[in-house]
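Trainee: Heads up, the sequence shown is in full-length UniProt numbering, so the first residue is 1 and it goes up one at a time.
Just so you know, these hints were derived from the structure itself, not from any lab. Errors might be hidden in some of the hints.
Unchecked claim - Mimicking BS3-like on lysine-lysine, the simulated pairs with C-alpha atoms at most 25 angstroms apart in a straight line are:
{"no.": "1", "residue 1": "LYS486", "residue 2": "LYS475"}
{"no.": "2", "residue 1": "LYS486", "residue 2": "LYS354"}
{"no.": "3", "residue 1": "LYS476", "residue 2": "LYS486"}
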Amino acid sequence: MMQQRAVLTIAGSDCSGGAGIQADLKTFTANGCYGASAITALVAENTVGVQDVFPSPPLFVVRQILSVLQDINMDALKTGMLFDAEITKAVVHALKTHYGGNVPPLVCDPVCVSTSGHSLLNPDAIDVMINELFPLATLITPNKSEAELLLAHGRPGAYPGISTLEDMYQACKDFFTQFSPGPKAILLKGGHVTATVTDVERVSSAYPEISVVRDGLFGENMEILQVGRDLSGTELVVDMLYENNGSVTILSRPRIESTSTHGTGCTLSAAIACGLAQGLSLLEATKVGASYTHMGIENAVPFGKGHGPLNHLHSITKISIPRSTPSNPYPFTKFLIQENIGIWKDYVEHDFVKQLAQGILGREHFVHFVKQDYHYLKYYARAYGLLAAKSTTFSAIESATQTILNVLHEIGNHTAFCARFGITADELESTEESAATMAYGGYLLDIGLQGDRVKLLMALLACLLGYGEVGLWIKKEAAKPGSPAKLEGNPYLHWIEDYSGPDYQKAVKLGMETIEACAMADPPSPARYKDWCEVWRKCTKLEKGFWDMAMQMS
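Work out the full structure, taking the sequences as your base and the hints as a guide.
Mentor: Laid out in structure tokens, this is it:
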């Protein structure tokens with residue numbers, strides 16, 4: 001029987017449900033952990049602000065903590081709002097009483113100010129937190145304002161403001177210089193620091209010891225998702241993980257313009273605690289926690305009149321499709337590619353493609369490919385006929401029909417293009433289908449006969465999107481200084497221009513918009529989503545097999 005990990009949160013409450021122990025317990029559940037809680041203060045708050053705080057008696061805080069720890073083995077702990085010095089001391093006393101010097105992974109979120117700007121920590125508690133609680137912690141997770149407040153403690157005057165990534169790096173180093181003994185690591189949250197892709201590249205170049213994790217950003221082989229967009233100025237949220245062994249990691253992801261950010265800090269620290277409880281390394285736990293929190297904001301449903309809560313249950317409810325944003329216009333398409341990124345890369349960066357890009361692909365391989373592609377397009381057009389039959393609106397029927405007409409038009413171009421390589425129309429028609437062509441074409445028709453409209457769309461899009469990606473990838477490679485890829489003098493330039501050109505890319509854009517609309521209109525269950533991904537995976541693999549066939553002359 002698999003053991004379920006247990007996590008204890010020691011924090012204040014939030015009667016509106018978005019932060020505090022309520023957010024923590026939801027996060028524990030969503031991340032597969034059993035959650036327990038000790039309440040440090042009862043807070044009357046909502047999405048607009050904090051109306052009142054009633055602190056728990058320190059002795060009662062101790063009793064809550066020991067009541068849990070003496071009965072249930074905890075795999076990790078987290079602290080949130082501790083309110084004042086006496087409660088902070090009580091928490092430290094309880095942990096030392098039970099654990100001695102062997103405290104399990106402890107994530108300390110030094111809650112000082114609410115999202116609405118209300119003070120949640122008395123100044124007298126800062127000294128106790130720094131000198132008594134932090135040395136027990138595996139990780140502390142201050143935001144910009146909290147870091148400035150903590151670093152100003154014991155200094156004459158205020159701490160210099162944190163406004164750049166360089167400032168964040170210096171602040172992390174100052175934590176370990178100023179507070180010793182201190183925590184094993186600090187995660188300085190950069191939600192209030194403006195940064196771009198260019199900023200991250202600048203800092204990582206200036207400081208080679210800093211590694212970068214890019215979450216939610218476009219990776220390799222995603223050119224079709226970025227058409228016409230300069231991402232260098234995209235605003236990012238950047239957190240910095242600084243460990244006492246000298247390891248420094250920047251975790252970057254697109255900034256989401258949202259008011260559903262109430263309880264973000266509570267949620268992040270709780271999710272990291274779950275990862276540590278489950279045996280993940282600190283870096284992996286932080287990556288998983290940050291991704292979970294990001295998705296919670298991305299999938300949030302507005303509640304209240306102010307800063308609403310995240311969607312803590314996004315990972316355990318019906319598959320959620322994030323809404324389209326300027327930084328991620330095709331989220332479902334991106335999911336599909338990321339789910340099968342290895343096969344996708346093998347497909348769109350196949351040796352056939354690379355040699356074609358360099359203009360060195362053997363003529364016989366290209367001719368064999370073109371002949372088989374002629375027969376494949378028959379299957380492709382017939383599959384769109386099935387798609388028209390499965391469509392229930394005139395616009396969807398028109399779209400499928402137009403694709404068939406486009407294929408028929410393409411066949412005319414295909415025949416003319418083949419003539420340049422000495423391939424006659426009769427030769428095209430009489431060429432025997434290869435096993436790869438029959439396998440791929442047969443699979444398309446099979447999906448069309450047995451599945452619903454969206455499942456068939458999944459099968460058809462692997463071809464449409466893949467060739468669009470190949471066309472853009474070749475053009476991008478050819479533009480790089482010293483690249484072996486070239487356009488000028490390339491015997492296959494016409495083919496490259498067809499698939500990188502505006503007409504084909506318009507079809508790619510329409511295809512992505514169609515599948516995004518389908519996924520949003522009828523969000524798939526986990527089982528249905530898995531089915532869709534499997535169809536996409538198989539068709540991507542069959543596309544790779546088509547290139548293999550051309551190279552092997554099979």
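Trainee: The structure should be examined with respect to each hint, and the outcome stated for every one.
Mentor: Each hint, compared with the structure:
1. LYS486 with LYS475: 8 angstroms, holds
2. LYS486 with LYS354: With a Cα-Cα distance of about 10 angstroms, the restraint between LYS486 and LYS354 holds, given a limit of 25 angstroms.
3. LYS476 with LYS486: 10 angstroms, holds
Of the hints listed earlier, there is not a single one the structure fails to meet.
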